[in-house]
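Construct the entire structure; sequences and hints are all you get.
Residue numbers (my numbering): 1223 to 1793.
Everything labelled a hint here was simulated from the structure, so no lab data went into it. Wrong hints could be hidden among the right ones.
As the list claims (entries may be wrong) - EDC-like cross-link-like pairs, simulated, lysine to aspartate or glutamate; straight-line CA separation at most 16 angstroms:
{"hint": "1", "residue 1": "1468", "residue 2": "1515"}
{"hint": "2", "residue 1": "1358", "residue 2": "1333"}
{"hint": "3", "residue 1": "1374", "residue 2": "1346"}
{"hint": "4", "residue 1": "1514", "residue 2": "1556"}
{"hint": "5", "residue 1": "1501", "residue 2": "1467"}
{"hint": "6", "residue 1": "1384", "residue 2": "1420"}
{"hint": "7", "residue 1": "1766", "residue 2": "1540"}
{"hint": "8", "residue 1": "1358", "residue 2": "1578"}
{"hint": "9", "residue 1": "1358", "residue 2": "1329"}
{"hint": "10", "residue 1": "1384", "residue 2": "1416"}
{"hint": "11", "residue 1": "1481", "residue 2": "1467"}
{"hint": "12", "residue 1": "1766", "residue 2": "1333"}
{"hint": "13", "residue 1": "1514", "residue 2": "1741"}
{"hint": "14", "residue 1": "1358", "residue 2": "1776"}
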Amino acid sequence: MMWNTVTLCSLGRLPHSATALLLPRLQTFSRVLERKYKDLYHDGDIPSVYRHVFEENLRNSEALIKRYSELLETVSKGGGENAILRHTQRNKKLFVRDRLKLLLDDEPFLELSPLAGLSMPYGDVPAAGCLTGIGKICGVWCVFIANDATVKGGTIYPIGVKKQLRAQEIAMQNRLLSVYLVDSGGAFLPLQSELFPDKSHGGRVFYNEAIMSAMRIPQVAVVCGSCVAGGAYIPTMAEEAVIIDKIGTLFLAGPPLVKAATGEYVTPEDLGGAQLHSKVSGCSDHFAASEKEAYECIRNVISTLNYDPLLEEITEHDSPLYHSDELLGLAPQDYRCTLPVKLILSRLMDGSRFQEFKANYGTTLVTGFGHVEGHLVGIVANNGELSHHACLKGSHFVQLCSQRSIPILFFQNTAPHTAAPTSVSQAEAQSHRLKAQASMMAAVACATVPKITLVIGGCYGSDSYVMCGRSFSPNFLFLWPNARVALVDSRHFSTVPQAGDSDYTGNESELKRLKEKLEEESSAFYSSARLWDDGVILPQNTRKVIAQCLEIIEQQKYQTVSPCQSPVMRM
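Here is the structure:
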């Protein structure tokens, strides 16, 4: 942070001789200020003593990123090249990602859980059969839920329902307008017991639509393909719907079932095409002759919703003093390879500035304030085992952020479970820690500010709840590729008991299989495939993703929120 002495001198119109005398003093003053800033904020230089750990983490991150890129490449192809050709050439429909290009503003959007549905017990369902995310339409942040009919013909699997419900949850939590691009063949009947009967199954999508309408959160839909069975309710419960001629159809039971029940043959168009629903049934509000026209229509609808938040864009902010690529060497391969978390913060915060709170108390938890692309945030970051003092400090800080209406970023890297106490004093210490953790857990649960959780290492056991894990409903939760999510860390307990161990009661091979199972199920990719998070992000993209989330969250501040009313009914 060096002062621009030439600018200072030219503004003061000092003679050259005075400038020559003043320049060394200004430079000295600048160095003093720089030292003060290093005292107040963290020096992000990586000490040489950590260099070997940094290099080991870097190699691990590069291998994981390669795997991550391969999975993303697979997902980007939907149901595969043959399915895409059939969808675009025979069925004359646009691929789902091309649809989004027509719908969204020409700027980056945040895709949610792209790896969902891979390696499921019932096979691969790329992207869970639907794309969800948050992008801008006419300058307004919107959630989109877009079926990909190239995956299993648009059939809905249990993971697809879960993904749609999570997108709706994000829309409700952040009061985001929602757009549905419906191209669905209905539920996959062999798995109906996992799709239909329970509270969080398919019917919850329609319940959420009604609740969102009552909350005055606009919802619009495009029927851009088949809309069968339960899927038919999505556009009819939206506030406005567009149906596309020749390719959009809407019915509870299609022509094959009509033929089976009555013996009568009827075309999809006659049974539930665009002409019928635009002119006769009223299930659609707008008729579109083409897909391009449909998405233009939706953009026009959104521009007339009286929903423009008139956001004040933050354009000026300092970049971190340290390069984001160095985060690859700070992403711990294992808890034993964890480096001080302030090294990570110095590569994410504006100007690498971080105003620490209670710096000398409960040092295994780092708390404080900083800015990410101009957005003020509170930081709660693991820096070791969550001790009694660390939890008390965390509880205090979370309540402080809630009191001041400051969003909280949680950086989660929880320590493996400690060994069982061997003395009364150790048992008492664990009891105190338990009470303090409960206090912080309650503070996190009751904090009324937006919360974003980033798992940068381990996410284990009860400590993950304290750090705003999935159960505590953060607005967004992302993982780095090196993250591990499990009840216990398989790498920190012995699978092969020592000979003569009196506690040994199981079979050695069973313990070994358990460790292998835990190892497989705790990977970030396994977690993301099952929607335990909102996606895996690369460490070097973390600052951009956090800034996007903060801007998305901030949009609701500019809305006039009135009490809930009755939902909009089509007829």
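Restraint status (C-alpha distance of residue 1358 to residue 1333 at most 16 angstroms): The given pair, whose Cα atoms are some 12 angstroms apart, holds under the 16 angstroms limit.
Given pair status - residue 1346, residue 1374, alpha carbons within 16 angstroms: Between residue 1374 and residue 1346 the Cα gap is close to 10 angstroms, so the pair holds against 16 angstroms.
Given hint residue 1556 paired with residue 1514 - CA-CA distance at most 16 angstroms: The given pair, whose Cα atoms are some 49 angstroms apart, is violated under the 16 angstroms limit.
Proposed proximity, residue 1467 with residue 1501 (alpha carbon, max 16 angstroms): This hinted pair holds, its Cα atoms lying about 12 angstroms apart.
Holds or violated: residue 1481 to residue 1467, with C-alpha atoms at most 16 angstroms apart: At roughly 23 angstroms apart (the allowed maximum being 16 angstroms), residue 1467 and residue 1481 break the hint.
Given hint residue 1329 paired with residue 1358 - CA-CA distance at most 16 angstroms: Judged against 16 angstroms, a Cα distance of about 8 angstroms means the pair holds.
Holds or violated: residue 1358 to residue 1776, with C-alpha atoms at most 16 angstroms apart: holds (14 angstroms)
Restraint status (C-alpha distance of residue 1358 to residue 1578 at most 16 angstroms): With Cα atoms ~34 angstroms apart, residue 1358 and residue 1578 exceed 16 angstroms; violated.
Restraint check for residue 1766 with residue 1540, where alpha carbons must lie at most 16 angstroms apart: Cα-Cα ~13 angstroms, so holds.
16 angstroms Cα cutoff - pair residue 1384, residue 1416: OK: residue 1384 and residue 1416 at ~11 angstroms, within 16 angstroms.
Pair hint outcome, residue 1514 versus residue 1741 [Cα-Cα no greater than 16 angstroms]: violated (47 angstroms)
Pairwise hint evaluation, residue 1420 against residue 1384, where the allowed Cα distance is 16 angstroms at most: Satisfied, since the Cα-Cα distance of roughly 12 angstroms is no more than 16 angstroms.
Violated hints for the displayed structure, listed by number in ascending order: 4, 8, 11, 13.
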